[in-house]
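Residue strings, one per chain:
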Amino acid sequence: NAGVTQTPKFRVLKTGQSMTLLCAQDMNHEYMYWYRQDPGMGLRLIHYSVGEGTTAKGEVPDGYNVSRLKKQNFLLGLESAAPSQTSVYFCASSQGLAGRYEQYFGPGTRLTVT
Amino acid sequence: LAKTTQPISMDSYEGQEVNITCSHNNIATNDYITWYQQFPSQGPRFIIQGYKTKVTNEVASLFIPADRKSSTLSLPRVSLSDTAVYYCLVGTDSWGKLQFGAGTQVVVTP
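So the protein lines, in turn, are chains A and B. Here this note's numbering runs 161 ahead of the position in the first sequence, where the first position is 1. Here this note's numbering runs 16 ahead of the position in the second sequence, where the first position is 1.
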């Protein structure tokens, strides 16, 4: 049982390049989330999904897009990377609403945009 | 959106009790309070969750006063392995309104 996995673990992009971060969970959770973590700011919710085929915006969605084509996968895309998107990105999943149910986090992806 | 505030850092010695208080003045009626622990280069890990009064599990206790405008995570008899960042999360049933605190770095020394 791997839990929540994220690929890649590290990535360096040049400004304007695009990339996709992949999150996978094997716990059959309906709910999945993408967060970014910056020093001194805790975790901020980017986008989330309440089930296959559904996505919604979180607190800081600008510059990101997501897709949930399969229940176990949640993809985060950056169409045109900016230095302000340098951060550590965490994916999480839960069996119910995140404020009420335990979230299981992946190990994170460290992204640097130069 | 409930803004959460917690101390930036706390130091402790092994065997002592550590209490971390999170302020959330704008907490909504349906919000729960959850605490997570994070080690370097890892994702956060669930510790404990509560709605009101006191909750205890095998690793921590959570105290929530009647007005619910703050909460205190209590770690009894800490060890070196408890050195980590602890996050307070105030959540609501309304989607997208999840507010993590900035985190408290706890350092435990021998």
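For the record, the hints were derived by calculation from the structure and aren't laboratory data. From the three backbone atoms N, C-alpha and C, an ideal C-beta is built for every residue, glycine too. Careful: at least some of the hints might be erroneous.
Once the Cα atoms are required to be at most 25 Å apart in a straight line, the calculated DSS-like pairs of lysine-lysine come out as [what the hints assert, rightly or not]:
no., chain 1, residue 1, chain 2, residue 2
1, B, K85, B, K19
2, B, K70, B, K85
3, B, K19, B, K68
4, B, K70, A, K218
5, A, K232, A, K175
6, B, K19, B, K113
7, A, K232, A, K218
8, B, K19, A, K232
9, A, K218, B, K68
Stretch by stretch, here's where chain A covers chain B in the computed footprint (C-beta under 8 Å, at least three residues) [as the list claims (entries may be wrong)]:
no., region
10, 35-41
11, 60-74
12, 87-99
Status of each hint after checking the structure:
1. B:K85 <-> B:K19: 10 Å, holds
2. B:K70 <-> B:K85: 14 Å, holds
3. B:K19 <-> B:K68: Status holds; Cα separation ~18 Å.
4. B:K70 <-> A:K218: 33 Å, violated
5. A:K232 <-> A:K175: Violated: K232 (chain A) and K175 (chain A) sit about 31 Å apart, past 25 Å.
6. B:K19 <-> B:K113: 10 Å, holds
7. A:K232 <-> A:K218: 18 Å, holds
8. B:K19 <-> A:K232: This hinted pair is violated, its Cα atoms lying about 31 Å apart.
9. A:K218 <-> B:K68: This hinted pair is violated, its Cα atoms lying about 29 Å apart.
10. 35-41: Contact hint for the region 35-41 of chain B vs chain A: violated, 0 residues under 8 Å.
11. 60-74: holds (count 4)
12. 87-99: Check failed, 0 qualifying residues.
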